[in-house]
Structures are given as structure tokens and as C-alpha cells.
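Number of protein chains: 2
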Amino acid sequence: MSQQNPKILALTGGVGGAKLALGLANLLTPDQLMLAVNTGDDFEHFGLHISPDVDTLTYTLSSLANTEYGWGRQDESWACMESIAQLGGETWFNLGDRDLALHLRRTEMLRQGQTLSQATTAIAQALGIRHPIVPMSDDSVRTQVHTKDGELPFQHYFVRDACKPKVTGFEFTGIEQASVQPQLLEWLQDATAVIICPSNPFVSVDPILNLPGMREALANSPAKVIAVSPIVGGSAIKGPTAKMMRELNIPCMADEVANHYGGLLDGFVLDELDKYLHGELNVTTAVAQSVMTSLDDKINLARTTLAFADDLNGI
Amino acid sequence: MSQQNPKILALTGGVGGAKLALGLANLLTPDQLMLAVNTGDDFEHFGLHISPDVDTLTYTLSSLANTEYGWGRQDESWACMESIAQLGGETWFNLGDRDLALHLRRTEMLRQGQTLSQATTAIAQALGIRHPIVPMSDDSVRTQVHTKDGELPFQHYFVRDACKPKVTGFEFTGIEQASVQPQLLEWLQDATAVIICPSNPFVSVDPILNLPGMREALANSPAKVIAVSPIVGGSAIKGPTAKMMRELNIPCMADEVANHYGGLLDGFVLDELDKYLHGELNVTTAVAQSVMTSLDDKINLARTTLAFADDLNGI
Chain A
1 MSQQNPKILA
11 LTGGVGGAKL
21 ALGLANLLTP
31 DQLMLAVNTG
41 DDFEHFGLHI
51 SPDVDTLTYT
61 LSSLANTEYG
71 WGRQDESWAC
81 MESIAQLGGE
91 TWFNLGDRDL
101 ALHLRRTEML
111 RQGQTLSQAT
121 TAIAQALGIR
131 HPIVPMSDDS
141 VRTQVHTKDG
151 ELPFQHYFVR
161 DACKPKVTGF
171 EFTGIEQASV
181 QPQLLEWLQD
191 ATAVIICPSN
201 PFVSVDPILN
211 LPGMREALAN
221 SPAKVIAVSP
231 IVGGSAIKGP
241 TAKMMRELNI
251 PCMADEVANH
261 YGGLLDGFVL
271 DELDKYLHGE
281 LNVTTAVAQS
291 VMTSLDDKIN
301 LARTTLAFAD
311 DLNGI
Chain B
1 MSQQNPKILA
11 LTGGVGGAKL
21 ALGLANLLTP
31 DQLMLAVNTG
41 DDFEHFGLHI
51 SPDVDTLTYT
61 LSSLANTEYG
71 WGRQDESWAC
81 MESIAQLGGE
91 TWFNLGDRDL
101 ALHLRRTEML
111 RQGQTLSQAT
121 TAIAQALGIR
131 HPIVPMSDDS
141 VRTQVHTKDG
151 ELPFQHYFVR
161 DACKPKVTGF
171 EFTGIEQASV
181 QPQLLEWLQD
191 ATAVIICPSN
201 PFVSVDPILN
211 LPGMREALAN
221 SPAKVIAVSP
231 IVGGSAIKGP
241 TAKMMRELNI
251 PCMADEVANH
261 YGGLLDGFVL
271 DELDKYLHGE
281 LNVTTAVAQS
291 VMTSLDDKIN
301 LARTTLAFAD
311 DLNGI
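Chains as they are written, first to last, in the working numbering: chain A, 1 to 315; chain B, 1 to 315.
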């Protein structure tokens, strides 16, 4: 088979997914890579529309991300938050002075009648990002975390309560009425691979997959679907994935992530640490060094994953 | 007549009015002074509810005002605005990082169902202000400036276009459906004086006076109504009052401010500069040094005005 021009759709949440997305963006042109981003984490705070995963991806791809914190912008200042505290306002969700500009600009565009996709594109372009960043839907989907202490909106669980409540399940409010962003469906029609980035399967990837019509679109697409494990050596690099698995009585192993995605997958990328651990998986696997610290790590994992996609496509 | 406990309602807009309000607040207890503030200048920007006159008064009374600019907070930083510019957003309305906190906090409270009065009170109390600051109405009234170039929302005329378009008239959108804030009507029932601060008669004071029922409430109140002239020596200390008068073919004299308020007034405070200029006024006048630079200037003008009110009340 002759060399095929890659056309990749990456499904991603925040930090971990954004790292692989950056690696992919370094290897693929804007015509070859589209990024579909979870918006189940979105919420309204102080009247502003905040899209944490879209923002993390935007900051990561524009080299503005604060890599120390894993969220927000570098060179940030906090005068506004200090003043909010002085006024007795809520301070559990940190909004840097520069980061606030993005939320203000997005909120303004939304109130002027633009879609979340349009606002995301305008902001990404203003920051010099060339690859398309596409929110999974322009409709409101809000992840609710069911816990032993009751139901919590995602950011309240994740940030305010620091993931402490024990998780019993998840709900994506509004998902039945939400539509997959049309650009994503169009892209899938002749995509060569879908890469599920090493994001949290339950709260970053499932909202995308569970949108009405999304699994059918993946099944009908010629694309090979590959997931990259967010679990390495029995724990998550960052974030609550491992803790959630334990609380949901799922063994915290990479295998279980593959099982979670089930028949959707054509391929699964495991970390080298897990290559002797995984049992009988009903999916082809590839092994990679998947802990991404440097930019080279990100590019290397992207290269391995893209080569795996080529293998699966018989190229 | 025996000494009467003063109960003052001050009607005020932004800068000039806020200066006299600060003088009054230095002489009167919170039981003796209520501040009724114009909200015709309010607007929504970046999804935030901004109340410029309420904010100027709040910053002035809490000693946070930037006295150099005449708007916003002292010790301000501009990281957010710089980033908004980077994102291609509108930068004509300057929002400092610390000032933004107030707009965020207010907007949050409004979205939680609180009234503008409740939000104003909560913010004022958080900043240690003891005198009641009361928006003229909890309902939306929006000043539209009619100009030779068309109709402009007030902040677009005032800030974005720097008052350059020639004014032909004013309109207070929504005023027919708006109610005077009930605390103001209750206060008026046994007030001893109403002081119309030296604010712009057309765009700061008229929105308050033109609220349905406000003129009747003033007429039915035992309070003597006194206006302090914003015109000194044929020009305005700050702001577009004088320019507006010229464009409306009104001679730019203090007398014309008294004529503008007409039969509403029991007394009028003129600057010393104007004491020989004013013609036949159908209202009792007092003369004061009305240019307020220092805190002492503000307190002195407040003292003169309060003494004038006592005179008018026969005390």
C-alpha cells in the first residue's frame, strides 16, 4: 500500500492529553490534525464561561502554559484574586489576571451570539495556534460527579474539594440534547486514525464518546481508533484517574483502560512499565515510553502512536 | 425651632458627586446620610455588570479611589487588559486587575439572584463603608446619548468616543418600567434635605429624577431640595457638562443648572466665582468655594451645604 497522508483526530481532555496533543502538533500539519476537546468540565463562574480543558490545550499549543502548575498561564499575576478575597468572593478557583482575559474575551463572544467553537477558534488564532482546536460540542454538557457525599459539579469536585469525596459514578447533564460539533463528524468521514489521548477516561474522554452519534461516527469512520493509556505502572501521572478507578472497584491497571473503551479500540498504547503486566487484551498493543516530561518525550510518544496507526492501517 | 437631627439624601453620579458625598460622609453618621446613585451609566461588558458611578462612589468612600485618574482603583495593575489586547478583545474601557474583582463579584451575586442594591451593599460592607450606598433602581435604566452621529450607549459616547460626538439629547431606556429603589422612597418620607451633588445634570442626575414617582416623592417629602452647581466660572470642573450645554444651546452658566432643575429646588449652591454672574434666580442661593481638591475642600463644601439646609429648614 502506498504512503497515505495522515488525517488524525485526537480526543483530549486537559493536562495529559494536551501534552500528547502538543507532540502530535509538532509532527503534523494543521491539515493533518484536529483536536476534539472535552467541554464537560466547563462551568460558569463570576458570570464567565470557563472551559478548563480547551484553555489548557490553548495555552499548551501557544507555549503560554504554566508547566509548573499544570494549569493556567505562565508569568501570571494574582491582583484580581487578591481583590476578590478582599470583597468576600469565592477564591477556590484560581483565576490569574492574564488567564481572566481569555475568559472575558470568550464570554463576550458567546454573549454576542458566537458559538463556543467560533470563540475557541478566534482565541486560538489570536495566540498564533494553527491546528484546529474544536470543542466536542457547542451545546452545554456538564459533568456531575456522584460521590458518597452527594452530587457535585465537576470543578467543585476537582478543584474546590481537591477530589477528596469518594466517587460512585458520573453523569453528563445535557448530553442527550447535545450535538457533536459538526466539524468533527466531517473530519471523521475520511480520517485515518483517532487517537484517544492519555486523559481521564471517565471525565475527559467519556463525555466526548457519549455524545449522541459519536460512537456511530467512530464506527463508520475508516479511522483506526487508538487509545494511549493514562495509567502507568498502576498509577496515573497526574489527576484523579487512579483514585477514581479504586473507588469504582476497577483494578488500577492499564488493561482496564483498554477494557473501558472496549470494542471501540483498534489499538492500545501501553507504557514500557506495563508491558509485562497486561493480561489477555482483545486489542493490538504498542509499547512506548509514555511519561511526557520534555518536549522530546511528547514528540516521541506522538511519533510512536502515529507509527502504530500506520501499522494498523497496513502502511 | 429646636435642633433637628439631619436626615440627608444625596443624589449623585460619579467623580464630582462622589467628592461631595465623601465630604458629607465625614460630617454625618450612617443614620444621617443615604447616597442615591445614578445607574443610567451601567452597562454589560465582557459579560460583567459594570456600574461606573456606584463603583466611583464605593472606591471614594473606601479610600481606594485613584484620585489621579478620577476612575478606578489606586495601586492598579493592567495584566488582564494587556492580555485582552493580545486576544484581540476590546480595550477602550479600561478594567484594572483589582477593579475587575468588583465587577466579577457583583456579577456573581446578580447571577445568584441578588438585586443590584444587595450586591452594592455587600461590596461596600466588605470594603468597610458604613454609609448606605443605594443604586437609584434595581431595574435596568440605560442612558442613550443622541448625537449628530447617531445614538450611542452612554459608555460608548463617554469613554470609547471621549465625548466627541455632538449631543442633541438623551434617552433613558427602560426608565418607564423602572422603580425607584424602595429604601430611597422610605428615607425621603422624613428626610430633612435632599442634596443634588455637583454631578452632570443631564446624564447623572436626570436619570434619578426621571424615575417614575421620584419627583412626586421629592415634592411630598418634608426635605428641602438643594442643588450644588457643577458649573464653576462658566465651565465644568471635570466631564462633559459644559460641552453638552453648549451643544444643547444652553448658556454655560451656573444659573442654567438651577433653571434646569426648576421648581424642584428650594436652594442652590453657587461657587464664589459665579456669585456676581447669576441673574434673577427664583430660588434662594448660597455661595461656597465649590472646587474640591483636598479632603478639607470636600468637607467644607459639605458643611456649607448642610448649614444652608439648616437655614432653609429654619433651624
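I should point out that these hints are in silico values taken from the structure, not numbers from a laboratory. Don't take every hint at face value.
A few chain B residues facing chain A, derived, Cβ under 7 angstroms [what the hints assert, rightly or not]:
| hint | residue |
| --- | --- |
| 1 | Ile84 |
| 2 | Arg105 |
| 3 | Ile123 |
| 4 | Lys275 |
| 5 | Glu280 |
| 6 | Val283 |
| 7 | Ala286 |
Predicted model, so just to flag it, every value in this text is computed and none were measured. Don't be surprised by glycine CBs; every beta carbon is placed ideally from N, CA and C.
So, going through the hints one by one against the coordinates:
1. Ile84: Where the cut-off is 7 angstroms and the nearest Cβ of chain A is about 4 angstroms from Ile84 of chain B, the hint holds.
2. Arg105: holds, 4 angstroms
3. Ile123: holds, 6 angstroms
4. Lys275: violated, 44 angstroms
5. Glu280: violated, 50 angstroms
6. Val283: violated, 42 angstroms
7. Ala286: violated, 39 angstroms
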